[in-house]
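S.K.: Each protein sequence line maps, in turn, to chains F and V.
Here the first sequence is numbered in the UniProt record's numbering, starting from 1 and rising by one per residue.
Here the second sequence is numbered in the UniProt record's numbering, starting from 1 and rising by one per residue.
Please note: incorrect hints may appear among the correct ones.
[Said to hold, decoys possible] Computed spacing ranges between beta-carbons, pair by pair: (1) V/T986 to F/G386: 28 to 34 Å; (2) F/T336 to V/K388: 44 to 50 Å; (3) F/K410 to V/K544: 50 to 56 Å.
Calculated from the structure, these hints are not laboratory results.
Since this is a predicted model, take the numbers as computed values, not measurements.
Backbone N, C-alpha and C define an ideal beta-carbon position, used for all residues, glycine too.
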Amino acid sequence: MIHSLFLINASGDIFLEKHWKSVVSRSVCDYFFEAQERASEPENVPPVIPTPHHYLISVLRHRIYFVAVIQSEVPPLFVIEFLHRVVDTFQDYFGVCTEAAIKDNVVVVYELLEEMLDNGFPLATESNILKELIKPPTILRTMVNTITGSTNVGEQLPTGQLSVVPWRRTGVKYTNNEAYFDVVEEIDAIIDKSGSTITAEIQGVIDACVKLTGMPDLTLSFMNPRLLDDVSFHPCVRFKRWEAERILSFIPPDGNFRLLSYHVSSQNLVAIPVYVKHNITFREGSSQGRFDLTLGPKQTMGKAVEAVLVSSQLPRGVLNANLNASQGTYTFDPVTKMLTWDVGKINPQKLPSLKGSMNLQAGASKPDENPTINIQLKIQQMAISGLKVNRLDMYGEKYKPFKGIKYMTKAGKFQVRT
Amino acid sequence: MNRWEISISVTHPHVCAELSLHFKILLLILFGKAPRSCNPENLFGLAVLSKHPLNPPPPPPRLLYKRLVWEPLNEKRCAYFQAFSLSLSLRHDDLKEMLDSNKDSLKLEAMKRIVAMIARGKNASDLFPAVVKNVACKNIEVKKLVYVYLVRYAEEQQDLALLSISTFQRGLKDPNQLIRASALRVLSSIRVTIIVPIMMLAIKEAASDMSPYVRKTAAHAIPKLYSLDPEQKDQLIEVIEKLLADKTTLVAGSVVMAFEEVCPERIDLIHKNYRKLCNLLIDVEEWGQVVIINMLTRYARTQFLNPNMNESLLEEGSDKTFYGSDEDEDEEEEEKEKKAEAPMAKRKPYVMDPDHRLLLRNTKPLLQSRNAAVVMAVAQLYFHLAPKVEVGVIAKALVRLLRSHSEVQYVVLQNVATMSIKRRGMFEPYLKSFYIRSTDPTQIKVLKLEVLTNLANETNISTILREFQTYIKSMDKDFVAATIQAIGRCATNIGEVRDTCLNGLVQLLSNRDELVVAESVVVIKKLLQMQPEKHSDIIKHMAKLTDNIQVPMARASILWLIGEYCEHVPKIAPDVLRKMAKSFTNEEDIVKLQIINLAAKLYLTNSKQTKLLTQYVLNLAKYDQNYDIRDRARFIRQLIVPTEKSGALSKYAKKLFLALKPAPVLESPFKDRDHFQLGSLSHLLNAKAGGYQELPDWPEAAPDPSVRNVEVPEWTKCSSREKRKEKRVEKPFYSDSEGESGPTESADSGSLNGLCRLVLCEQSSEEEERKHQRKSDQQKSDSESESDEESDSESSQSESDDSDSEDPVCNNRKHKCIDSCFKHSCVYSLVLCLQNISPCSALKSYELLHRIRGEGLSVEYCFSRQPFSPDGNMVAVQMQFTNNATSEAKNLHMEDVKLQSGMRVKEFPEIELLPAGETATAVMGIDFCDSTQAANFQLCTHTRKFFVSIQPPVGELMRPVFLTENEFKKEQGQLMGMNEITEKLTLDAKCRNEHTIVQRVTTAANLSRVPCGSDKEFAGRTVTSGSLVLATVATKEGGAAQLTVNCEKMVIGTMLVKDVLLALTQ
């Protein structure tokens, strides 16, 4: 299936290559570079590029292209999903997935890739199994290793691969037993010029950080499971139990993982937490434009709207912007024409606003496009859909774990058209 | 003068010969001459940093030189590279020394540096002998890195690689399964043809290894060997056949992968394993699931009938909508052809093969997978195999994937675009999910636009057009062009909005951006062709545009329009030609061709004004550089200008040029892409990729379904011990333990049989589990004890097997059930069950304590529906204790009962001793007070306490009563109004006959049927208060039904309705 993998950085250097079958020459990447040149933006490089003898399937993460070389028919999503899993694993191991991190840990990277694929077919992709095989590098361990000459390859042979719960390693021990669940919901919305909602939906995830000794069996139930319209699970969740009782029952992997992602059924009206009053105009014949933006809280259920960040791609003709922010700071990048306004917390008594003028290229005609405004925000301690966890029970172990559940609402792809 | 250096990388002196050649070529290109001397040493002094290594075999020069980067070298860098080139050979010596040393840490350091070199693409092949020596090193990390090196370079140094083989052969005999597996993995990865026989032997041996993990590795090794030596195919197929019969989830995915790579055409190998694969599917690891689902899609296409054949027949007569999509037409035509061919087959009502249904049912939950590839695989399976009405379920899951990474979105949208042409209705509810955000990458935007266009119909076109209007203002010009095209397509497909669209597009003609205008012109041209007579003013407007628009395609389009409809613009047309003639020489080729075209048409209609102009244009064209244009000019001159030589054709010139042209059909580029299997690479590229397996057409008549029957469980016939071992099943994590029995003998077999099977399945699965546990214990222990214990459990199993093998084949299963029930000392529970054959069929059992949680003790309970003799107000709960642990459990009893007020519990008698591997049953009574509150208590053994709870389904809170129909009607009459709950429902397709309905209702609730009732009526009383519970199911045509429940206790009534509804609709 996957023949080779090349890692290419933003400036077009191949800084790592790995082959699972016979060696494919690097020159195959030239087709990729050609496609890269044709694409205007880095993310516009087509994910699948056919070449005379091979197919290149690539993903772009953290400004690194992961280019897989394929020789024959294989579902493209299979490769893409795998490449993303590779990136996730690197991130899990090194904290970040940058060129520097990969170069520093090139041996670990190589060992990981060796375990993840056998002859191009995925072998072990569960992070728990991999961590048993190859211990993630930490500063302490690196030091100890250099002094004692011990290795970061697991001495014990992994048994996880053989068990019926391959995602959990055996013999986990903690002194503090904790299980934390974060319910994070994102609002995707498009708001039109007049402020009415064109489309709005809520997507949520439950991320868990479980540090429990032994083989705990957890059940998590919701007050209002009917809200969940479309769900996808971590493989540990017992599907039948969910179908029958709407209860999440699972033996959790050790550490961080995404338990569930869900979509809130579209019948429910989505509460839009902020409104935007905007007036962005360009006059014909003058080299000035007006920019006026005010934010205000709308349906926030009494919670504060925090970490608000407004960004907007202004038309190409705009040279500079002289604005005045009543709160927070704004920046305008004259090259990319990106206006960013870091608002912070919205105070309902004194609404934040950004007003001023824009300078346009002299003599250029009035731009006929209007910028869209992207908004990021956070609301703590609330899931905007109203989803509530009812209870979390643990079976199978004697101790009492510490349990915590946190709710948060964020803006996902939240756009206001002007 | 600046010194410029050339960036190429030199990995090793050995490549220099190769390199110098390239270098000469390079300099030749750069300076037009080759340098005087070009020996390797000079090169090193001169060159340079790593960019693209010239690894042998050298890439084609054209590609290579294109990427060279030019930059002036600063002094520091020069110094570095000089040092680098000097140390190059020295450093390798240094590495060799380290590898030869006795210290593991030095070896490790050396190996790490070598691996880092390999990772960077540097050649390290000359270290081969020094590295291979360390293949037997004790240090695991060194060993692993040596493996990495070996696999990378073995192909280049075949002879030396052979030195390492014996190490792996030893590893294959290791008692530890993980070492066996890893030895096989590396051995099979070494691409050296001489060892093919050794590999073959190793694979065969590993395929019958008792560890499923080793067998999985064997499956992985098959495609490796096949790619090394395709001649081994026949032998490998034998191994595949053997591994396909494997019943562990670990192996299933890998062996199907091997099957797909080696012998995808041998579909016959799948027959016997089909049901097993379907049942195991949910427990297979995600990557295996993708491969299996794709393979099963192809399999199903060869074995089952088209579930939609009758529907498309019905549709045939129905009237077509105005914009009726062409696919329908095609389909219908196909249908007609087929009908002519096989009229008999068509008439037969379609009944879905139960195996077909099994596949659809077992793949559906995987739509919930977190892995996008799995979701896509299921989606394509449903698209290709499911009846039309059921395909809809995939839409939601696919839309969910649109939240993922942009690469995933790209692939999913491509597939959605293809699907939305065939099944528009499926995605219509999700229209808004395809709305475009300004932050989407262009390629995603264009695909979303494609989907939106496919989804457009009369009802939603106005919303879609409004969306499109905002898109036109986007800054992304490629996207704007695509939007204009999309508007054009909507306008051709939906007649109602054609004028609106046209007006909108005409407004765009005054847009400032030339690209927008050009694109609009092209689209308007296509639209005008449909009804030109109404729109002469637009044509006039466009004629004016020729002065400004420079985009060739747009100019060409305008010229064509004017030529085609010159009678609508008789005054302007000659003038346009005049202007064009003036600029002819500066135009692009396509514009020139259209100028000639225009001239010819005008000459034919209005020769008085344009004769000279035409001649002028033709003369210019005659000497054009492009031969197409010269050709065209010559041909047209002959055709339109009458000379003595011109033949009969010129008489028809007018007809030729001014014939009515059919309006163009604007169709999606995704049309008909679905002849490729969706989700495949070939579909994405719209071209057949290497190794693509065609999706076969449905067969006319279904092949014999009995090939999939597995009559006799093979293990009863196995003679050799080896074989028997591998047949042992590990208990899957989720899949039904009943699943193995196959769909042919599911729920509706006799109740006795069903009951027995239930007992058996519990029994056998527990047994397997026990063995599995024991086995994993062994794995930790030494090899000797492993084999000892193995033989123990083996012999015990063979005993029980022997007794079975005498049974006749036909009712083998039933006998086996009873047989093993008795054998395993659960006579009691069987007898208990047998007493209990009420109208209901099997009892549903619930898990009270899982064996993992219970440290080997597992407890299941079921509501036995028996009157609980000590107290009539209590519900009897029958519990079955199984001790899976290795030690015995003592003093099983319950403690610390926590109840809601009013509830009572009668504890079960203490079980004094439960030996390892045994099962015991006990009955307890709970008075739930007619509520579904849980009873919580602690289950205690002599060592441990477990918190458990029993929560009754509402249906278990009642017991059946006997009522005559008249009594029933009377009672019902008294429980009207608030006490009556009515719910309309659509019955599940499998649950339309009376028998099944009754069965399902009585399974869901402990009610008895009112005899001789006209409708299906059921009656019961709640256990504690004795309130009447009456339920009626009235069925109507087409699966519609009405469920009525009358009960004094409204809460019970509501909950019961819900449960029964669920039972009937699922």
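S.K.: Okay, V/T986 versus F/G386 on CB: inside 28 to 34 Å?
M.R.: Check passed, 30 Å falls within 28 to 34 Å.
S.K.: Given a hint of 50 to 56 Å, does the C-beta separation of F/K410 and V/K544 actually sit inside it?
M.R.: The hinted range 50 to 56 Å holds for F/K410 and V/K544, with Cβ atoms some 52 Å apart.
S.K.: State, for the Cβ atoms of F/T336 and V/K388, whether the hinted interval 44 to 50 Å holds or is violated.
M.R.: Taking Cβ atoms as reference, F/T336 and V/K388 lie about 48 Å apart, which means the hint holds.
In this structure, none of the earlier numbered hints is contradicted; all agree with it.
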